[in-house]
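J.: Sequences listed follow chains A and B, in order.
The opening residue of the first sequence carries number 0 in numbering that gives the first Met the number 0; numbering runs sequentially from there.
The opening residue of the second sequence carries number 0 in numbering that gives the first Met the number 0; numbering runs sequentially from there.
Rather than coming from a laboratory, the hints here were simulated on the basis of the structure.
Be aware that one or more of the hints could be misleading.
Given that identical chains are not distinguished, each listed pair holds provided it fits within a single copy or across any two copies.
Said to hold, decoys possible - The list that follows gives simulated cross-link-like pairs (lysine-lysine, BS3-like), each with its CA atoms no further than 30 Å apart:
(1) Lys73 / Lys21
(2) Lys231 / Lys50
(3) Lys301 / Lys321
(4) Lys321 / Lys334
(5) Lys21 / Lys263
(6) Lys226 / Lys204
(7) Lys25 / Lys301
Number of protein chains: 2
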Amino acid sequence: MPKNNNESNTPLDKLGEFGLIKQLTKDFKIYHKNTVKGVGDDAAVLDKTNKQSVITTDLLIEGVHFDLGYMPLKHLGYKSVIVNLSDVYAMNAAAKQITVSIAVSNRFPTEAIEELYAGIKLACDTYQVDLIGGDTTSSTKGLLISITAIGEANKEDIVYRNGAKSNDLLVVTGDLAGAYMGLQVLEREKQVFQLDPNSQPDLSKYAYIVERQLKPEARKDVVGLFKDLGVKPTAMIDISDGLSSEILHLCEQSNVGCNLFEEKIPLDPQVISTLEEFELEHTTIALSSGEDYELLFTIAQKDYDKIQANPNFTVIGHMTDKTEGIHLITRSNQKMELIAQGWRSF
Amino acid sequence: MPKNNNESNTPLDKLGEFGLIKQLTKDFKIYHKNTVKGVGDDAAVLDKTNKQSVITTDLLIEGVHFDLGYMPLKHLGYKSVIVNLSDVYAMNAAAKQITVSIAVSNRFPTEAIEELYAGIKLACDTYQVDLIGGDTTSSTKGLLISITAIGEANKEDIVYRNGAKSNDLLVVTGDLAGAYMGLQVLEREKQVFQLDPNSQPDLSKYAYIVERQLKPEARKDVVGLFKDLGVKPTAMIDISDGLSSEILHLCEQSNVGCNLFEEKIPLDPQVISTLEEFELEHTTIALSSGEDYELLFTIAQKDYDKIQANPNFTVIGHMTDKTEGIHLITRSNQKMELIAQGWRSF
Numbered sequence: 000m001p002k003n004n005n006e007s008n009t010p011l012d013k014l015g016e017f018g019l020i021k022q023l024t025k026d027f028k029i030y031h032k033n034t035v036k037g038v039g040d041d042a043a044v045l046d047k048t049n050k051q052s053v054i055t056t057d058l059l060i061e062g063v064h065f066d067l068g069y070m071p072l073k074h075l076g077y078k079s080v081i082v083n084l085s086d087v088y089a090m091n092a093a094a095k096q097i098t099v100s101i102a103v104s105n106r107f108p109t110e111a112i113e114e115l116y117a118g119i120k121l122a123c124d125t126y127q128v129d130l131i132g133g134d135t136t137s138s139t140k141g142l143l144i145s146i147t148a149i150g151e152a153n154k155e156d157i158v159y160r161n162g163a164k165s166n167d168l169l170v171v172t173g174d175l176a177g178a179y180m181g182l183q184v185l186e187r188e189k190q191v192f193q194l195d196p197n198s199q200p201d202l203s204k205y206a207y208i209v210e211r212q213l214k215p216e217a218r219k220d221v222v223g224l225f226k227d228l229g230v231k232p233t234a235m236i237d238i239s240d241g242l243s244s245e246i247l248h249l250c251e252q253s254n255v256g257c258n259l260f261e262e263k264i265p266l267d268p269q270v271i272s273t274l275e276e277f278e279l280e281h282t283t284i285a286l287s288s289g290e291d292y293e294l295l296f297t298i299a300q301k302d303y304d305k306i307q308a309n310p311n312f313t314v315i316g317h318m319t320d321k322t323e324g325i326h327l328i329t330r331s332n333q334k335m336e337l338i339a340q341g342w343r344s345f
Numbered sequence: 000m001p002k003n004n005n006e007s008n009t010p011l012d013k014l015g016e017f018g019l020i021k022q023l024t025k026d027f028k029i030y031h032k033n034t035v036k037g038v039g040d041d042a043a044v045l046d047k048t049n050k051q052s053v054i055t056t057d058l059l060i061e062g063v064h065f066d067l068g069y070m071p072l073k074h075l076g077y078k079s080v081i082v083n084l085s086d087v088y089a090m091n092a093a094a095k096q097i098t099v100s101i102a103v104s105n106r107f108p109t110e111a112i113e114e115l116y117a118g119i120k121l122a123c124d125t126y127q128v129d130l131i132g133g134d135t136t137s138s139t140k141g142l143l144i145s146i147t148a149i150g151e152a153n154k155e156d157i158v159y160r161n162g163a164k165s166n167d168l169l170v171v172t173g174d175l176a177g178a179y180m181g182l183q184v185l186e187r188e189k190q191v192f193q194l195d196p197n198s199q200p201d202l203s204k205y206a207y208i209v210e211r212q213l214k215p216e217a218r219k220d221v222v223g224l225f226k227d228l229g230v231k232p233t234a235m236i237d238i239s240d241g242l243s244s245e246i247l248h249l250c251e252q253s254n255v256g257c258n259l260f261e262e263k264i265p266l267d268p269q270v271i272s273t274l275e276e277f278e279l280e281h282t283t284i285a286l287s288s289g290e291d292y293e294l295l296f297t298i299a300q301k302d303y304d305k306i307q308a309n310p311n312f313t314v315i316g317h318m319t320d321k322t323e324g325i326h327l328i329t330r331s332n333q334k335m336e337l338i339a340q341g342w343r344s345f
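Let's have the full structure, built from the sequences with the hints guiding it.
T.: Here it is, written out as structure tokens:
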């Protein structure tokens, strides 16, 4: 939360736009030798490579995508980068550079923006990406972050959404619904805090899911794993909008159907216990909750042996002929039509 | 201005995010064969080229950068693209692709966003750039546009801000202060309209400067001219924040000084007459007014013959040793120190 009662506050306009950019970006390292020119000219310059480039962009807006009531600015900076890197990894590519544009209202002192950039820098260092440019401006209301990420991969390694074939296995990394359940806990604590500002929430029993919400990671490791295992997914997408929505994208673009098995959907024990505490239906939340930034992909059946022993991967279904439709097979072996926000019974 | 009284209005949420993106982008053409994948996957994919890439990004915010009270949405879309392309041309590069992210409050119907995209498409077609991705989201207030532009050039052709040498000539394209004076006229008419909504402003005598504000162009032609004339500037920047501010950037990054001659600054007759009508001091406005999107560059003296006959170029000064400082030489031959917002007398 931006603190305006801090004695070391510096108004944003004190440094001017160019001074502020210099101040915010001075400690960033350049990791990639194809970054010829980063911040400081009309445009950044990247050297040619013998790979293809991937480019993705995301916009995060206060009051829509985040609430500074429980999202520390440093975490927000980190997460804003992760959201974009996740899209690069979903192409089976290596993330290399980002641009970061922010708009801030004058309620934010310079120190708050420095916190935000500390998180951006931590993500850049952790994932070895170069900050190469951006724009800094004032806003009439709130904080807004627009990031563009650039990556690269050999042409033959890039994985699109449209390559899934009938009989391919549907696989997900990690576990689902953690970020959403973390958000439920944080929203509840915020309400408690509003009623009693002296309350000291004990979030230790929710540590995993709160971290999934506040400090998610992107699956760079999985791109490396594919290489090590000699597996190239036939199609891939990252899970930002919820499992069922992403399955529908894969099916639509690959022109196939799908059977998803309810009993296979991976949920962490802390997610399950919190779902029970909040009296929420497991599968509905697992299908519709976003922001997990896991990868959802399909592989040919012949590759099953290569991934089956790896704890990062869970096979949750298989693709079918398009005419068979897109279904959830429940624990009681019922077949439900999958829709964007979950499922619909016949 | 978004019209909510139009009978054909469609609420933005009717199509959903993915439906809306499809609808908005379906008519865009792909001009460049290195655009392997545009809108529709986790990231866009560009094929490798044997050139260097340039990347630039800009954020435009309602109430800060534009006023929908006099900026039609189609013009806004066009201008948002131009602002970014101008930065690509300022690197002496060819613009190839853009991503466009928008955030809109629910006061905008789908038709308003279609208008915005009609302007974006017009710019893409006029400048032959490919729309390859973006993000569409809701905002809590107003309209916001974040564009990233990607271009390319041979390594040896890219022009940075830091290459100017003492004795190089300082040259500007086109003429200055038009966009700012167009804004003054539009602001005045807006006030008249607020007092009398039936007023019918006659802007015909301000046609040039109003167009400079509402529908600026980027100097793609100048990048072509440099090639034809066999000239490579030693340093270059686009004029978005005002002549004096840009001169200071060139001098700082090139580690040189500069003498700028007041009598050489190119002003259109319509700018001059409007400056007089508004009783504004010519040189102050010419130095401090932004949004002209002309190019400011330096060339070696030996190249003077190649550019001198061309009406696109005006030599306005020359670079000096850094120790000589950065000065405006007035019509009366006085030497004033140049500062970001204009000049300061000794």
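J.: Hint by hint, say whether it matches the structure.
T.: How the hints compare with the structure:
1. Lys73 / Lys21: Within one copy, since 19 Å is at most 30 Å while 34 Å is not.
2. Lys231 / Lys50: This pair counts as both: shortest intra-copy Cα distance 17 Å, inter-copy 29 Å.
3. Lys301 / Lys321: within (21 Å within a copy, 68 Å between copies)
4. Lys321 / Lys334: within (16 Å within a copy, 77 Å between copies)
5. Lys21 / Lys263: The answer is neither: 50 Å in one copy and 33 Å across copies each exceed 30 Å.
6. Lys226 / Lys204: Neither, since 36 Å and 66 Å both go past 30 Å.
7. Lys25 / Lys301: For Lys25 and Lys301, the Cα distance exceeds 30 Å both inside one copy (49 Å) and across copies (37 Å).
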